[in-house]
Amino acid sequence: MKLKRNEIWTAYQKDIADDKYYFARSCIRQNIFPAAENLYLNILRDVLGKDIYDDARQTTCTGIAYHSGLIPMETIMTVVARQFALMNQAGYENFVVSCVTSFGIYIEMLETWKHFPETEEKTRKALKRATGMTFTIPKNLVHASDVIYKFRKEIAAQSKYRLINKNTGEPLKVVDHVGCHYAKIFPSHGLGGAEYPYVLAGMIDEWGGEQVDYPERRHCCGFGFRQYLLKSNRGYSVSNSKKKFDSMLPYKPDLIIANCPGCTFFLDRWQYVIAGQAGITYGENGYGIPVLTYEEIAGLLLGHDPWDIGLQSHQVSVEPLLDKLGINYNPEMKYKGQDGEDIGTPEHPEVLKCY
Amino acid sequence: MQGLYEQLEKDVRYKEGMKACMNCGVCTAICPAAEVSDYDPRMVMNIVQERDEQELEKLLKSDTIWRCGECLSCKTRCPRGNVPCYVIQALRALSIETGFFIESEQGRKQLAIKRTVGDHILKYGYCIYIDEVDLETYPEQGPVWDWMRKNRNSMMKRLGTSYSEDRSGTLRNTTQESLNDLKRIFDETGGTGRFEKIEKYSSEKAKELGKEFSSGKDEYWKFVYNKQENGNNP
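Chains U and G, in that order, give the protein sequences.
FYI, our numbering numbers position 2 of the first sequence as 2, with every residue one higher than the one before it.
Whatever position you read off the second sequence (first residue = 1), add 355 for our numbering.
The set of hints was computed from the structure by calculation and includes no laboratory data.
What you are looking at is a predicted structure, and each value in this text was computed from that prediction instead of being measured.
Each hint should be verified, as a subset may be incorrect.
[Unchecked claim] Looking from chain G toward chain U, a few residues come up when the C-beta cut is under 10 Å (computed):
id: 1; residue: 428
id: 2; residue: 429
id: 3; residue: 492
id: 4; residue: 525
From the three backbone atoms N, C-alpha and C, an ideal C-beta is built for every residue, glycine too.
Extracted from the complex, chain U is given alone in its bound form (with noise of 0.2 Å):
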């Protein structure tokens, strides 16, 4: 039987464990969101009770460093190791990991030490050395959104909102960006393989919103690496940026969800850069394009505060997705601090329109 488009994803399956996951932070998400992390873990274990832990010990995976061609491989590898060491340590068998980057470094090394068993036994005697650990290999080894995919239906009873703007009853229009290493390293890793990944598009369809399919879907935000941590070499990242963007404004969409950190941070942040430099937005009336990881919607539609999840640490103001959204919020409270305490409010940019 022949697949329609939007049906091809399905032939991409992968086994997503049910629960008493180890939960692997990543280096971006925690700085520049941080409250995502442990709104993720809050909706794990609140919403849908499952079992997951949170290691004090735990470390980058050096991911980063690696692919700016930084450190060796045999020194990733056996962070890597150390990684899982401390997930059987701790009694765990299934492995989550919250950065797309991290995700493609655990499946790289797991699928070297296939194609390459030397550097398996290489690494175990290296970690063995540096540390006195052994490790046995995850059971189950996912991205984190892999988690709120597998559990969306479950997400959605338990929501008190769906991506409709409650004006016109109408779906909001949502562009799904997928981290590239979610699956154009090894699309048998990513549910829908790299084509038509549908991580995030699963999510956008069982919670009411309807698919932005535009040409520049599959582009990479521009992150780049190297060519992003260089402020000379950052006209590579902005440039892929703005070429996704213009391709996605004719279609006015009304909100990005992104799961990698380093996307959600570029597609953000780029469109303050790109109103800056070039007078452009995106958005409506002078505003950005409200850019969110999964768990941020998820945390949304489940009825959380904007402002207790942190959607205030995002540069393109979200208050316009939220008013479609119907979501009550109280514009007072955003810039508070801790105890409520006026802490001052950030600058307004010149161009881009900011609340």
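Based on the hints, put chain G in the right spot on chain U.
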């Protein structure tokens, strides 16, 4: 001394990434770096498979190998199962090991990354840490970030993080035991050696260029971090 190809062929990424390139150019068509610079992964694959030591040395000394953004879109698309990005990873490693990286403007910039992301890993346990992300180095972070960072003691508590605390959670202090593990892994697997090589060769280049070279964001760091393609500093 081993030849360059002999060294390159030991890298599993080279073995995995370089099979037989027919130069169709699909990798270049899909490449985000090729869109914004004269980078051409098809040409890189062609040069490398020619097995000419002199041409390989030129490549290792060039800006070319530092243009790739490692998105790995080329891996999905190559009809022959080559991975130009893996070949680039192997070439970059060899360029640092041989000290050739210092001969190109882009290669020299590795010091700037080593002294930010590289040093952060061993200091904080993560590649990035809020304390280090200032607007001077990262101006595109914008006013919301600037406000949040300046108020981080209050905001990080409001957002439920463990910033500067010794417990699990977002932005916690990484334990000394974990930092020690990382350092020993780096020592054991060549990570420390790689960092030392970047510092050593950069120090020689700084001397040649008459730039002050010590540690952190010294004159040479600022020079390589900010240097534009046209040779001007912003």
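Results of checking the hints against the structure:
| no. | hint | result |
| --- | --- | --- |
| 1 | 428 | 6 Å, holds |
| 2 | 429 | 9 Å, holds |
| 3 | 492 | 7 Å, holds |
| 4 | 525 | 4 Å, holds |
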